[in-house]
Amino acid sequence: KNQVEQSPQSLIILEGKNCTLQCNYTVSPFSNLRWYKQDTGRGPVSLTIMTFSENTKSNGRYTATLDADTKQSSLHITASQLSDSASYICVVSAASGTYKYIFGTGTRLKVLA
Amino acid sequence: SQTIHQWPATLVQPVGSPLSLECTVEGTSNPNLYWYRQAAGRGLQLLFYSIGIDQISSEVPQNLSASRPQDRQFILSSKKLLLSDSGFYLCAWSGLAVGELFFGEGSRLTVL
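Line order of the protein sequences matches chains H and D.
Read in the numbering used here, the first sequence has 33 at position 33, and its numbers run on one by one without any break.
Read in the numbering used here, the second sequence has 20 at position 20, and its numbers run on one by one without any break.
One should not assume that every hint holds.
Unchecked claim - Mimicking SDA-like on lysine to any residue, the simulated pairs with C-alpha atoms at most 20 angstroms apart in a straight line are:
1. H/100 / D/13
2. H/100 / D/100
3. H/71 / H/56
4. H/100 / D/51
5. D/80 / D/18
6. H/1 / D/60
7. H/100 / H/5
8. H/57 / D/100
9. H/100 / D/18
10. H/100 / D/112
11. H/17 / H/100
12. H/1 / D/42
13. D/80 / D/5
14. H/17 / H/63
15. H/100 / H/18
16. H/110 / D/41
17. H/57 / D/43
18. H/1 / H/69
19. H/100 / D/53
20. H/1 / D/55
21. H/71 / H/17
22. H/1 / D/53
23. H/100 / D/42
24. H/100 / D/58
25. H/100 / D/60
26. H/1 / D/59
27. H/100 / D/95
28. H/100 / D/46
29. H/1 / D/52
Stated by the list, open to error - On the chain D side, residues computed to face chain H include the following (Cβ under 7 angstroms):
30. 39
31. 40
32. 44
33. 47
34. 79
35. 87
36. 90
37. 100
38. 103
39. 105
The set of hints was computed from the structure by calculation and includes no laboratory data.
Keep in mind that this is a model prediction, so the values were computed, not measured.
Virtual Cβ for every residue (Gly too), placed ideally from N, Cα, C.
Next comes chain H alone, as it looks inside the complex (with noise of 0.2 angstroms):
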């Protein structure tokens, strides 16, 4: 069954520190997978988008990672500030011809003063 599982569910940080952010799949055949962040009562807006051949990839203080063997992505943001605050969702695309999307449930990253 096509899963991607994501931890920790929540996260409470200071700001100006860093965290880093995980996410495990069983989706197959891969086609990519995708970060988004959303902000409380908006939709979600995407970070970054990695195919199986990409290991990393960052956006500004966003970086992705990706292990296509293990089937584990992680988004690690340095330097959080106050606006990083949201549901950070990982998505992962099976490689079929209706685009089928397997969205995690998302950790929701708190950041404090």
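With chain H held as given, fit chain D onto it using these hints.
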């Protein structure tokens, strides 16, 4: 550039009333269109997806329906809302390349 518009942003409806949520995409042709529902603290659940006009697939049986009257317009409807229909509804589109998914701002539906 491509944009996606979704409305209304919030909606409070009584049980048994009809529903219509609308979504339009600009700046692209032949997009794949999706409707998702997000319950509090849970992941996104795919409700409908469409790869073209008159080509709509339903993922979850329920009292909701979807229509695509134009290439870039996607509508989510219900004839009679249930309490369980409350939630956050997201419209999304994707193109053919790589399959990046772009979301609208969402519609918060509360059924009383």
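The hints, checked one at a time:
In summary, the hint linking residue 100 of chain H to residue 13 of chain D is not supported, as the alpha carbons are separated by about 31 angstroms, beyond the 20 angstroms threshold. Note on residue 100 of chain H and residue 100 of chain D: the hinted pairing holds, with a Cα-Cα distance of about 11 angstroms set against a maximum of 20 angstroms. The straight-line distance between the Cα atoms of residue 71 of chain H and residue 56 of chain H is roughly 14 angstroms, inside the 20 angstroms bound, and the hint therefore holds. Restraint check for residue 100 of chain H and residue 51 of chain D: satisfied, since their Cα atoms lie roughly 12 angstroms apart, inside the 20 angstroms limit.
For the hint linking residue 80 of chain D to residue 18 of chain D, the alpha-carbon distance of about 5 angstroms falls within 20 angstroms, and the restraint holds. At roughly 17 angstroms between alpha-carbon atoms, residue 1 of chain H and residue 60 of chain D fall within 20 angstroms of each other, so this suggested pair holds. For the proposed pair residue 100 of chain H and residue 5 of chain H, the alpha carbon gap of about 16 angstroms is at most 20 angstroms, so the pair holds. At roughly 15 angstroms between alpha-carbon atoms, residue 57 of chain H and residue 100 of chain D fall within 20 angstroms of each other, so this suggested pair holds.
In summary, the hint linking residue 100 of chain H to residue 18 of chain D is not supported, as the alpha carbons are separated by about 29 angstroms, beyond the 20 angstroms threshold. With a C-alpha separation of about 33 angstroms, the suggested pairing of residue 100 of chain H with residue 112 of chain D is violated against the 20 angstroms cut-off. With a C-alpha separation of about 35 angstroms, the suggested pairing of residue 17 of chain H with residue 100 of chain H is violated against the 20 angstroms cut-off. Proposed proximity of residue 1 of chain H and residue 42 of chain D is supported: the alpha carbons are some 18 angstroms apart, at most 20 angstroms.
Proposed proximity of residue 80 of chain D and residue 5 of chain D is contradicted: the alpha carbons are some 25 angstroms apart, above 20 angstroms. Distance check on the hinted pair: residue 17 of chain H and residue 63 of chain H sit about 15 angstroms apart at the alpha-carbon level, within 20 angstroms; holds. A distance of roughly 32 angstroms separates the Cα atoms of residue 100 of chain H and residue 18 of chain H; the hinted pair therefore is violated under the 20 angstroms criterion. The suggested pairing of residue 110 of chain H with residue 41 of chain D holds, with an alpha-carbon distance near 15 angstroms, which does not exceed 20 angstroms.
The suggested pairing of residue 57 of chain H with residue 43 of chain D is violated, with an alpha-carbon distance near 24 angstroms, which exceeds 20 angstroms. Between residue 1 of chain H and residue 69 of chain H the alpha-carbon distance is near 18 angstroms, which keeps this suggested pair within the 20 angstroms criterion. Simply put, residue 100 of chain H and residue 53 of chain D have alpha-carbon atoms about 19 angstroms apart, close enough for the 20 angstroms limit, and the pair holds. The hinted pair formed by residue 1 of chain H and residue 55 of chain D fails the criterion: a straight-line CA distance of about 26 angstroms is larger than 20 angstroms.
The suggested pairing of residue 71 of chain H with residue 17 of chain H is violated, with an alpha-carbon distance near 27 angstroms, which exceeds 20 angstroms. Between the alpha carbons of residue 1 of chain H and residue 53 of chain D the distance comes to roughly 30 angstroms, so the proposed pair goes past 20 angstroms and is violated. Taken as a hint, the residue 100 of chain H and residue 42 of chain D pair is honoured in the structure, with Cα atoms around 18 angstroms apart against an allowance of 20 angstroms. In summary, the hint linking residue 100 of chain H to residue 58 of chain D is supported, as the alpha carbons are separated by about 13 angstroms, within the 20 angstroms threshold.
Taken as a hint, the residue 100 of chain H and residue 60 of chain D pair is honoured in the structure, with Cα atoms around 14 angstroms apart against an allowance of 20 angstroms. A threshold of 20 angstroms between alpha carbons decides the hint, and for residue 1 of chain H with residue 59 of chain D the separation of about 16 angstroms falls inside it, so the pair holds. For a cut-off of 20 angstroms, the pair hint linking residue 100 of chain H to residue 95 of chain D stands: about 13 angstroms separates their Cα positions. The suggested pairing of residue 100 of chain H with residue 46 of chain D holds, with an alpha-carbon distance near 9 angstroms, which does not exceed 20 angstroms.
For the suggested pair residue 1 of chain H and residue 52 of chain D, the alpha carbons sit about 27 angstroms apart, so the restraint of at most 20 angstroms is broken. Given hint, residue 39 of chain D at the interface with chain H, is violated; its Cβ is 10 angstroms from that chain's nearest Cβ, farther than 7 angstroms. Contact between residue 40 of chain D and chain H, as hinted, is not supported at the beta carbon level, the nearest pair being about 11 angstroms apart and thus beyond 7 angstroms. Interface hint at residue 44 of chain D: satisfied, since its Cβ lies 5 angstroms from the closest Cβ of chain H, which is below the 7 angstroms cut-off.
Residue-level restraint check for residue 47 of chain D is violated (minimum Cβ-Cβ distance to chain H is 13 angstroms; threshold 7 angstroms). Interface restraint check: residue 79 of chain D against chain H, minimum CB-CB distance 26 angstroms, threshold 7 angstroms, status violated. Checking residue 87 of chain D against chain H: minimum C-beta separation of about 12 angstroms lies over 7 angstroms; hint violated. Hint on residue 90 of chain D holds. Least Cβ distance to chain H is approximately 6 angstroms, under the 7 angstroms limit.
Contact between residue 100 of chain D and chain H, as hinted, is supported at the beta carbon level, the nearest pair being about 6 angstroms apart and thus within 7 angstroms. Annotation: interface hint on residue 103 of chain D holds; nearest CB of chain H at approximately 4 angstroms, less than 7 angstroms. Here the hint on residue 105 of chain D is kept, as its CB sits about 5 angstroms from the closest CB of chain H, short of 7 angstroms.
The earlier numbered hints that this structure contradicts are 1, 9, 10, 11, 13, 15, 17, 20, 21, 22, 29, 30, 31, 33, 34, 35.
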